[in-house]
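Based on the provided sequences and hints, a complete structural model is requested.
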Amino acid sequence: MTQGERVRPGIGELLGSPADDRRIAFEGAQGISPWQARFILLKGTNPLFRRGRLGKLLRYPRWVATSQHQRNDMGPSSNSSSLEAALRDVVGSDQVLTRPEELFVYEADGLTHHSARPRAVILPATTEEVARVVKACRKHEVPFVPRGAGTGLSGGALALADGVIIECARMNRILRVDPGDRFAVVQPGVVNADLSKAVLQHGLFYAPDPSSQQACTLGGNVAENSGGPHTLKYGTTTNHVLALELVLPDGNVVRLGSPTGWPAGYDLVGAVVGSEGTLGIVTEATVRLTPIPERTETLLGIFPDVVSACRAVGAIIRSGLVPAAMEIVDRRTIEAVEASVYAAGLPTDAGAVLIMELDGPAVAVGVQAERTQALALAEGAREVQVARDEEERQRFWRARKGAFGAMGRLAPDLYVNDAVVPRRKLPEILEAVCAIGDKHGLRLSNVFHAGDGNLHPNISFDRRDADELARVLKAGKEILQLCVEAGGVISGEHGIGTEKRDYMGLLFSDDDLDAMKKLRAAFDPTLTCNPGKLFPTTRFCYEANPKARGYDQVPLG
Amino acid sequence: MSVLDALSRELGEARVGSSPGMDGRVRPGSGEELAAALRVLAAGGASAVVRGSGSWDALGHPMPRARILLETTGLLGEVQVDGEDGVAHLPAGASVSSLGEHVRKETGGAWELPFDPASSSSTLGGCLATASPGFRFGHPRDVVLGLEIALATGERVRCGGRVVKNVTGYDLAKLYVGSLGTLGVIEAAWIRLLPAPEKTECWWVPLADPSQAVEPARLPSARAAAWLSAGLAREIPKPGAGMILELAGDAPAVAADAEFLGRQYAADPTDPAGLGLVRAMRGKDPGVRVRVSARPSKLKESIAGLSNAGAEILAQPARGLVWAFASDEAVVEVAGSAGDGFLVEAAPLAVRESRELFGENPALRPLQAALKAQYDPAGTLNPGRFAGRI
Chain A
12 MTQGERVRPG IGELLGSPAD DRRIAFEGAQ GISPWQARFI LLKGTNPLFR RGRLGKLLRY
72 PRWVATSQHQ RNDMGPSSNS SSLEAALRDV VGSDQVLTRP EELFVYEADG LTHHSARPRA
132 VILPATTEEV ARVVKACRKH EVPFVPRGAG TGLSGGALAL ADGVIIECAR MNRILRVDPG
192 DRFAVVQPGV VNADLSKAVL QHGLFYAPDP SSQQACTLGG NVAENSGGPH TLKYGTTTNH
252 VLALELVLPD GNVVRLGSPT GWPAGYDLVG AVVGSEGTLG IVTEATVRLT PIPERTETLL
312 GIFPDVVSAC RAVGAIIRSG LVPAAMEIVD RRTIEAVEAS VYAAGLPTDA GAVLIMELDG
372 PAVAVGVQAE RTQALALAEG AREVQVARDE EERQRFWRAR KGAFGAMGRL APDLYVNDAV
432 VPRRKLPEIL EAVCAIGDKH GLRLSNVFHA GDGNLHPNIS FDRRDADELA RVLKAGKEIL
492 QLCVEAGGVI SGEHGIGTEK RDYMGLLFSD DDLDAMKKLR AAFDPTLTCN PGKLFPTTRF
552 CYEANPKARG YDQVPLG
Chain B
611 MSVLDALSRE LGEARVGSSP GMDGRVRPGS GEELAAALRV LAAGGASAVV RGSGSWDALG
671 HPMPRARILL ETTGLLGEVQ VDGEDGVAHL PAGASVSSLG EHVRKETGGA WELPFDPASS
731 SSTLGGCLAT ASPGFRFGHP RDVVLGLEIA LATGERVRCG GRVVKNVTGY DLAKLYVGSL
791 GTLGVIEAAW IRLLPAPEKT ECWWVPLADP SQAVEPARLP SARAAAWLSA GLAREIPKPG
851 AGMILELAGD APAVAADAEF LGRQYAADPT DPAGLGLVRA MRGKDPGVRV RVSARPSKLK
911 ESIAGLSNAG AEILAQPARG LVWAFASDEA VVEVAGSAGD GFLVEAAPLA VRESRELFGE
971 NPALRPLQAA LKAQYDPAGT LNPGRFAGRI
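So the sequence lines, in the order shown, correspond to chains A and B.
When we follow my numbering, the leftmost residue of the first sequence carries the number 12, and every step to the right adds one.
When we follow my numbering, the leftmost residue of the second sequence carries the number 611, and every step to the right adds one.
It cannot be assumed that every hint is accurate.
[As the list claims (entries may be wrong)] Here are the computed distance ranges between Cβ atoms for each label pair:
| hint | chain 1 | residue 1 | chain 2 | residue 2 | range |
| --- | --- | --- | --- | --- | --- |
| 1 | A | R110 | B | E642 | 43 to 49 Å |
| 2 | B | A973 | A | P547 | 46 to 52 Å |
| 3 | A | L388 | B | E869 | 29 to 35 Å |
| 4 | B | E642 | A | P547 | 24 to 30 Å |
| 5 | B | A818 | A | E401 | 41 to 47 Å |
| 6 | B | D878 | A | R266 | 29 to 35 Å |
| 7 | B | A883 | A | Q492 | 51 to 57 Å |
| 8 | B | R828 | A | R184 | 27 to 33 Å |
| 9 | A | R382 | B | P879 | 23 to 29 Å |
[Stated by the list, open to error] Straight line, CA to CA, 30 Å or less: simulated DSSO-like cross-link-like pairs of lysine-lysine:
| hint | chain 1 | residue 1 | chain 2 | residue 2 |
| --- | --- | --- | --- | --- |
| 10 | A | K244 | A | K208 |
| 11 | B | K848 | B | K809 |
| 12 | A | K150 | A | K528 |
| 13 | A | K450 | A | K485 |
| 14 | A | K244 | B | K715 |
| 15 | A | K244 | B | K809 |
No wet-lab data here; the hints were simulated from the structure.
Using N, Cα and C, we set each Cβ at its ideal position, and we do this for glycine too.
In C-alpha cells form, the structure reads like this:
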C-alpha cells in the first residue's frame, strides 16, 4: 500500500479553476441546456463575470423562453423607486441591479425549477453598507434575502414576495489567518476552496467541503450548514464556525461567539448556522482551521450492486473505523460520468463504486486502510483499488465530484434530492428509492455520502414536460416519506428553503415548528429577513399543481 | 389551591415533597409528568429551579423568585443504543456514568459515551444544560444529534433527530445546550457515540510554561490534556507544574506519540487515576471558580494574570480553556481581561448576587432577553439565573 501525498484542497481542484469548470460544462453538452446554463451562471462568484458574460449566455433563447419563474414585478411604484434611490445612495448606482437582464441570473439558485425574480439586487462591500441596506429595506417594508454564490439546492436564496437580494460577492476577502490559534476570519463572499488554498502554506485546511466548493461561498455555507464528503470525520460547517458578525434583521450589527468557540451565554452561533439566512446576514465569520493529516489513503471498492456497497459501509462503521469519507456512486451515474469529460476509467459494468478515504497519523492509516479493504471485500466487493499516488486519488474522486456535471448529458434538468437515514438502513432504503424512480418511469441515479447515511437520489428530467415534472415531484415526496419512516430526516445538507418547506410536517409536529418559530421571532419579529423559507406556508399542495405558486403571496414566516 | 397541591393532584403525592429553603419540590417520573408539572407551574404563576444531580447548583445568579425545586432525576425513560449506527437515545435524568456503562455493555465495548463530567453523579441533562466541557471530548454540543424538550408552557417538542447529519429546520439543540434550563427542560437526547479507542495511555509532561503545553496537547492521539499549576499538581501528586495527557486511539499512533513525548519533553507514563483526580478538581470549590476562554497564543499571558490574582490554574491548552481557582473575587476582575470571555462557575452567594457572572458581549443582552421572552414568557424556568439575569 503506498502513501498518498496529502493535500486536502486537491480534491476541489479536480475540476480546475472555476473558469475551467465552466468551460468543461460548456463542452460537456450540446449547446447549453437550461439546467447547465443556470448552474454555470450560478457558479460564477465574480460579479464582473456575471455581468460581463451575461450577454453571451443570453444568446440562448431556449432557456429564456422556458424559464417558468414567478413574476414578482409589481410594476413601478413610488415605494419601490424611493427604496431604489435609498439603496443607490448606500452602495452607489452601479451596485444596484434592476434591469431584467441583470435580475435574470438571480431568479433561481441551484434548484432551478423554483424561481422568483427579485425586485433588485444590491452588492454591498462592507458590513456598514449591509446594515444600511437592511435598514432601508425595513423602512420601506420590503423583504430582503442574503445570497452567496447561488449554488444552494433548496431555493433558499430566492427573493419571494417582491424582495431584494443582498448579494455578498463583493465581500470576498480573507481578513485574517491565525495559524498558531488555527482560525481564519473571512468575509461571507470568500469561496470555500479559496480558503483552503490560502492556508495550505501553514499546513492547514478548512474542513467542510461541499461538492460546489470551487464556487460556493462561506456565507452561504454558514447559512446552510453545508457538509460535503468529509463530513463523516470532520463534521459540518457548524462544527467549524467559532464566531460571527451578523447584521440583524433590524439593521443592528452584533458579534456572536468567540475565537475559542466557548461562549458564556446562549449559543447564538450554533443557532444562526444553518438558519438559511432567516435570522440575519452574516458579514464576517471566524472559522476553525484543521491540520492537514500526515497521510491519506484513498480506496475504490468496485461492487456488483449498490446494496452490497451499502452493506460494506455498515460493516466499516460497525468496526469502529472512522474514515474521512465514504461515498457511493451507482451504475447509472458511473455510465454518465464515463461518457463525459469527467471520465475516470471506472468499470461501467460495476453496480456501484465506493470511495473510501482514510487519513490521520502515518503509522495508523496504513493499517486502517487494510482493515477497510478487507471489510469491503468481505461484503462482496469484487475488487478494491488503492490509489498509488495523488493523481490516482484525484481520478477516484473525479467520478464523485464530476457526477453532477456529467448528468447534464442525460437531460436538461436535474433534481438533486437530499435526505438522511440511519446508516444501517441504507441497503433497504436504496432499493426502495430505486423502486420509486422506476415506478414513476424516471431516470433516477444515486451518488451520495454513504458514511453519513446522506442520500442524494438524482432525477434527470425536462421541466418543459409538465407530466414528467409532476412525476419528479411526486417521487421526491415519496422518497422523503420513505426516509422519515425509516427514522431519517428530509435534509442532510441542502436545507429546506422553498423546496421542502411544506414537507416539514412529515417530521415535525406543529408544536415542534412553533418552537422553531420562537427563535425566528426573537431575531426577526417582522419576518422581513428571507421570508417564505423553511416553514410550511400552505394551503396548496405543491405536487398537485407545480405551477401554482399562489401560496408565495400569503403571509410568510 | 396552592401550586404544590395542584402538583400533587396532577402528578400524585409521591412526586411532590419538601426541600430546604424552598416551598417544595417536584420530581416528575416521565416526559408527560414533566409537561404536566410545567403547565401547573405556569398556571399558578410559579417559578422553578431546574436541577439534575445538583453538581452545578452554584452556577449562575441567585433565583429568589423560584420557590419550587424541579428535579429531573426521575426522567429515566427509554434507553436505546444502536451499536450498528453508533448513536444512542438516552434519558436526561440518568447519570452519565450509568449511561456510559450501559453503552459499553450494549455494544460490547465498541462505543463510548462522549461525556466525562467532574462528578460521577452528573446527569446527562445537567451536562447538556450546562454545556460543561469535559477533558476528553470537547464541547457537548458537537455530539448532540437531537433533543426532546419540555417547554416552559408545557408543550413537549423535539428538534434534530437520530441521524448523524441533519439540516432539517433550525438547529435548536445548539440553543438549548448550555442554556442552563432557562429555555426548556431536556427530557432526552440522541447522542452520537464515539468508537472506543484501541489503546489508552496516560503521561505526565513536566512543563512550567503553559504555552509550551499547546504542542503536545495537539498530538493526533491526545484525547485529554490538563495543564496544572504547581499548587494543583501537588494534589495528584506531582512535584511541579505540568500536564497530564491521555493518549488514545490506534495502538501504533499512541505508541508514536508516546515516543515523541518521552524524547521531546522528558515525559513519563503516569497512573491514569491522576486524570480522574484532575477531573474531580473541576468540581472543586475553593471560593471562586472561573472559566476563561483563552486562545492558545494568549495562554501564558492569561494564566499569568489569573495567577497574579492568587488563583491556581487548570487549563486545556489546545481547547483554549483555563480554570482559575481562587479564594476571593478579585480573580473575577482579572478574568474579564484575561481572554475572549469568561464564566464564573462557582462563587459565594454575595458574589453571585452582586457581579455579572457571564463574561460575554453585553450587546447581545437584548437578543438573549428576546429569546427568553419567546421560550419562557412567564419566567417559569430558572428566572434570573442566566446572563444579564434573564
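Checked hints:
no.	hint	in the structure
1	R110/A - E642/B: 43 to 49 Å	59 Å, violated
2	A973/B - P547/A: 46 to 52 Å	34 Å, violated
3	L388/A - E869/B: 29 to 35 Å	33 Å, holds
4	E642/B - P547/A: 24 to 30 Å	27 Å, holds
5	A818/B - E401/A: 41 to 47 Å	43 Å, holds
6	D878/B - R266/A: 29 to 35 Å	44 Å, violated
7	A883/B - Q492/A: 51 to 57 Å	52 Å, holds
8	R828/B - R184/A: 27 to 33 Å	28 Å, holds
9	R382/A - P879/B: 23 to 29 Å	27 Å, holds
10	K244/A - K208/A	20 Å, holds
11	K848/B - K809/B	24 Å, holds
12	K150/A - K528/A	23 Å, holds
13	K450/A - K485/A	11 Å, holds
14	K244/A - K715/B	25 Å, holds
15	K244/A - K809/B	20 Å, holds
Hint check: violations occur at hints 1, 2 and 6; the rest are consistent with the structure.
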